[in-house]
Amino acid sequence: MSSYTYKHYPYRRAPELDGKGERRPVVIVGAGMAGPTLALELAARGVASVVLDEDDTVSIGSRSICQAKHSLEVWDRFGIAQRMVDKGITWEQGEVYLGDQAIYRFNLQPEPGHKFPAFVNLQQYYVEEYLYERCLSDPAIEMRFRNKVVGVTPHADHVAVEVETPDGRYTFEAEWLVACDGVRSPVRHMLGLPFEGEVFHDQFLIADVRLLDDLPKERRFWFYPPFHPTNSVLLHRQADNVLRVDFQLGRDADAEEEKKTEHVDRRLRLMFGPEARWEHEWSSVYTFTCRMLQRFVHGRVIFAGDSAHVVSPFGARGGNGAIADVDNLAWKLALVVAGKAPEALLDSYCSERGAAARENILNSTRSTDFITPKFPASRAFRDAALTLAPDFPFARALINSGRLSVPTVQPESSLDTPDRDGDWVGGPGPGRAALDAPIGNGWLIDRLGRDFSLLTFGKDDVGTMPSGVTTVPVVSNGLAWQRYDSRPGTTYLIRPDRYVAARWRTYDPAAVSMALDRATGRSHA
Amino acid sequence: MTALRRTLNLARADDVYNAIVDAHKGLTDEQCRDFDARLILLLVNHIGDEAAIREALKEAAAK
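In the order they appear, the protein sequences are chains G and Y. FYI, the numbering for the first sequence is 0 to 524, going by numbering that gives the first Met the number 0. FYI, the numbering for the second sequence is 0 to 62, going by numbering that gives the first Met the number 0.
You may find that some hints are simply not true.
Said to hold, decoys possible - Residues on chain G that point at chain Y, a partial pick, calculated with CB under 8 Å:
{"hint": "1", "residue": "Glu161"}
{"hint": "2", "residue": "Phe226"}
{"hint": "3", "residue": "Pro228"}
{"hint": "4", "residue": "Pro372"}
{"hint": "5", "residue": "Pro375"}
{"hint": "6", "residue": "Ala376"}
{"hint": "7", "residue": "Phe393"}
{"hint": "8", "residue": "Ala394"}
{"hint": "9", "residue": "Ile398"}
{"hint": "10", "residue": "Gly441"}
To be verified - Simulated restraints, written as ranges between beta carbons of each label pair:
{"hint": "11", "chain 1": "Y", "residue 1": "Asn8", "chain 2": "G", "residue 2": "Met513", "range": "51 to 59 Å"}
{"hint": "12", "chain 1": "G", "residue 1": "Pro417", "chain 2": "Y", "residue 2": "Asn8", "range": "21 to 29 Å"}
{"hint": "13", "chain 1": "G", "residue 1": "Tyr285", "chain 2": "Y", "residue 2": "Arg11", "range": "40 to 48 Å"}
To be verified - Result set (BS3-like, lysine-lysine): computed pairs, CA atoms no more than 30 Å apart in a straight line:
{"hint": "14", "chain 1": "G", "residue 1": "Lys6", "chain 2": "G", "residue 2": "Lys339"}
{"hint": "15", "chain 1": "G", "residue 1": "Lys114", "chain 2": "Y", "residue 2": "Lys24"}
{"hint": "16", "chain 1": "G", "residue 1": "Lys216", "chain 2": "G", "residue 2": "Lys19"}
{"hint": "17", "chain 1": "G", "residue 1": "Lys19", "chain 2": "Y", "residue 2": "Lys62"}
{"hint": "18", "chain 1": "G", "residue 1": "Lys114", "chain 2": "G", "residue 2": "Lys86"}
{"hint": "19", "chain 1": "G", "residue 1": "Lys259", "chain 2": "Y", "residue 2": "Lys62"}
{"hint": "20", "chain 1": "Y", "residue 1": "Lys24", "chain 2": "Y", "residue 2": "Lys62"}
{"hint": "21", "chain 1": "G", "residue 1": "Lys86", "chain 2": "G", "residue 2": "Lys258"}
{"hint": "22", "chain 1": "G", "residue 1": "Lys6", "chain 2": "G", "residue 2": "Lys258"}
To be clear, the hints were calculated from the coordinates, so they are not data collected in a lab. Note that beta-carbon positions come from the ideal geometry of N, C-alpha and C, so glycine has one too.
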């Protein structure tokens with residue numbers, strides 16, 4: 000059925016089964032996209048970790064397919080993003096149809112001058128495969144396949160983790176346990192934490208098929224298409240000539256019946272016409288929920304990705320939100336483990352990523368309400384926007400087939416230093432993601448350090464910096480100057496997760512030093 | 000301070016009022032709802048003042 004060959008990764012008997020082993024600084028539960036990314040980010044900062052996963056292979060089915068620019072920038076630090084770009088389908092444009100008429104076309108990255116595109120479509124199993132390979136080659140990461148967590152006991156300064164393996168059970172201790180164990184998170188259940196939010200009842204059919212014809216490259220979304228006149232359809236292209244077709248089925252569809260190949264084939268035949276040929280990859284009927292934990296940090300147990308918050312698929316905010324979580328968490332946890340920052344620094348993970356989760360849920364819920372109106376007036380306004388769109392540009396902006404994932408804004412974080420100079424007319428302010436731009440023969444994002452970075456415009460020597468701060472002088476005027484609203488002397492302090500911590504019109508070492516203390520939780524200026 | 004105008008802003012109020020009513024003549028309830036939805040979106044974008052729109056939503060709901 001599937002064009003992808005699932006590798007099985009080696010199981011090894013855990014040393015704890017023979018009475019060996021010691022307390023680990025960080026244990027990560029779950030080897031999806033978030034867990035291995037976190038392990039790599041920690042390893043890059045000198046923190047060893049153990050990754051536990053209950054099976055020994057990658058994601059079954061393509062699942063998360065739209066890998067956003069900001070996720071690719073994270074994976075690029077481990078040398079695997081270019082591989083994803085090469086294997087996947089780069090896209091920046093999308094089309095929305097009403098019936099058979101194209102009513103709206105959008106470009107997510109209308110300007111050139113970025114190392115990575117807005118999106119690369121690549122099946123989750125490839126992303127996980129590349130991550131696993133990279134993790135397995137890193138001596139600071141121990142991947143434990145077929146190691147299922149069956150018990151979690153929190154203590155004041157550690158967590159006792161009970162694990163089931165083919166050779167029996169063992170228990171070991173983690174200073175910090177990070178649950179990246181997905182939407183059904185066993186760790187969350189073991190701790191009895193409520194996961195509250197909204198349940199949606201509309202059913203959707205995913206059919207991943209390999210189409211043996213020419214394929215469109217851009218994202219396409221239809222409202223009321225002639226081949227599925229009562230509902231909506233979303234089309235995405237993936238690697239290996241695989242297409243993701245997502246049919247909205249409504250509330251009353253019979254999931255078991257719809258999953259049958261004959262019914263899927265009938266729908267695809269109507270869509271692609273009598274000549275088309277395809278092979279099935281994967282099918283699934285799903286409904287979804289938007290839920291989140293009230294707090295992502297519970298003592299020494301931390302939640303990241305779907306275990307902490309879950310959204311509808313419209314907008315590609317699940318997988319990309321998870322990567323943004325671990326990018327925010329990794330540097331903070333590394334500082335705390337090394338004793339270089341107080342534990343309270345992790346509160347900012349909770350507040351910053353909690354705000355991001357709420358923003359993602361808001362956007363995702365609005366898209367869902369637009370695509371699946373819940374009451375007659377809601378449908379009337381939706382259809383009004385669709386009907387007006389061909390003639391009225393404003394109405395096109397109202398069409399919400401998914402507001403696609405971009406880095407969220409983290410306003411008023413306790414780590415960031417508010418602007419003191421009042422003459423900014425652009426550029427990313429504190430709490431916003433740093434922007435890429437060409438510099439010399441390369442890219443700005445490649446010049447940023449693993450820890451903090453100081454971007455200085457028109458000044459090539461700023462003297463001695465505190466250790467761990469990478470200085471990036473941007474000497475010649477160009478796109479970077481425009482994107483950062485720069486003048487000679489403009490200085491930006493960029494966090495390890497590539498968010499802006501502070502910025503100034505003139506370089507002032509004392510101000511930089513204070514902002515750095517604040518950004519690492521050592522003071523609250 | 001209110002953003003929503005409360006005094007008359009139309010030179011020919013009766014004409015405009017009747018034009019709106021007449022536009023609904025002969026429509027079923029469902030057609031009326033769809034028509035009103037289009038009309039509201041067109042007018043709301045034209046007004047473009049979020050504070051006035053939110054105030055209008057509140058006042059309309061209060062009656």
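Now for the hints, and whether the structure bears them out:
Contact between Glu161 of chain G and chain Y, as hinted, is not supported at the beta carbon level, the nearest pair being about 53 Å apart and thus beyond 8 Å. Here the hint on Phe226 of chain G is broken, as its CB sits about 24 Å from the closest CB of chain Y, past 8 Å. Among the interface hints, the one on Pro228 of chain G is violated; its C-beta lies about 17 Å from the nearest C-beta in chain Y, farther than the 8 Å criterion. Annotation: Pro372 of chain G was flagged as interfacial toward chain Y, and the flag is violated, the nearest CB pair being 11 Å apart, outside 8 Å.
About 7 Å separates the beta-carbon of Pro375 of chain G from the nearest beta-carbon of chain Y, less than 8 Å, and the hint is met. At a threshold of 8 Å, the smallest CB-CB gap from Ala376 of chain G to chain Y is about 7 Å, leaving the interface hint in force. Interface hint at Phe393 of chain G: satisfied, since its Cβ lies 4 Å from the closest Cβ of chain Y, which is below the 8 Å cut-off. For Ala394 of chain G, the suggested interface contact is upheld, since its CB lies about 6 Å from the closest CB of chain Y, less than 8 Å.
The interface hint given for Ile398 of chain G is broken, as the beta carbon of that residue sits about 12 Å from the closest beta carbon of chain Y, more than 8 Å. Look at Gly441 of chain G: its Cβ only gets to about 43 Å from chain Y, farther than 8 Å, so that hint breaks. Restraint check, Asn8 of chain Y to Met513 of chain G: a C-beta distance of roughly 53 Å satisfies the suggested window 51 to 59 Å. Restraint check, Pro417 of chain G to Asn8 of chain Y: a C-beta distance of roughly 41 Å breaks the suggested window 21 to 29 Å.
Between Tyr285 of chain G and Arg11 of chain Y the C-beta distance comes to about 55 Å, which lies outside the given range of 40 to 48 Å. For the given pair, Lys6 of chain G sits about 40 Å from Lys339 of chain G by alpha-carbon distance, which is inconsistent with the 30 Å threshold. A threshold of 30 Å between alpha carbons decides the hint, and for Lys114 of chain G with Lys24 of chain Y the separation of about 58 Å lies outside it, so the pair is violated. Of the pairs offered as hints, the one joining Lys216 of chain G and Lys19 of chain G is violated, with about 53 Å between alpha carbons and a cut-off of 30 Å exceeded.
Straight-line distance between C-alpha atoms of Lys19 of chain G and Lys62 of chain Y comes to about 74 Å, which puts the hinted pair past the 30 Å bound. For a cut-off of 30 Å, the pair hint linking Lys114 of chain G to Lys86 of chain G stands: about 16 Å separates their Cα positions. The hinted pair formed by Lys259 of chain G and Lys62 of chain Y fails the criterion: a straight-line CA distance of about 52 Å is larger than 30 Å. Note on Lys24 of chain Y and Lys62 of chain Y: the hinted pairing holds, with a Cα-Cα distance of about 24 Å set against a maximum of 30 Å.
Note on Lys86 of chain G and Lys258 of chain G: the hinted pairing holds, with a Cα-Cα distance of about 29 Å set against a maximum of 30 Å. Restraint check for Lys6 of chain G and Lys258 of chain G: the C-alpha separation of about 26 Å stays at or below 30 Å, so the hint holds.
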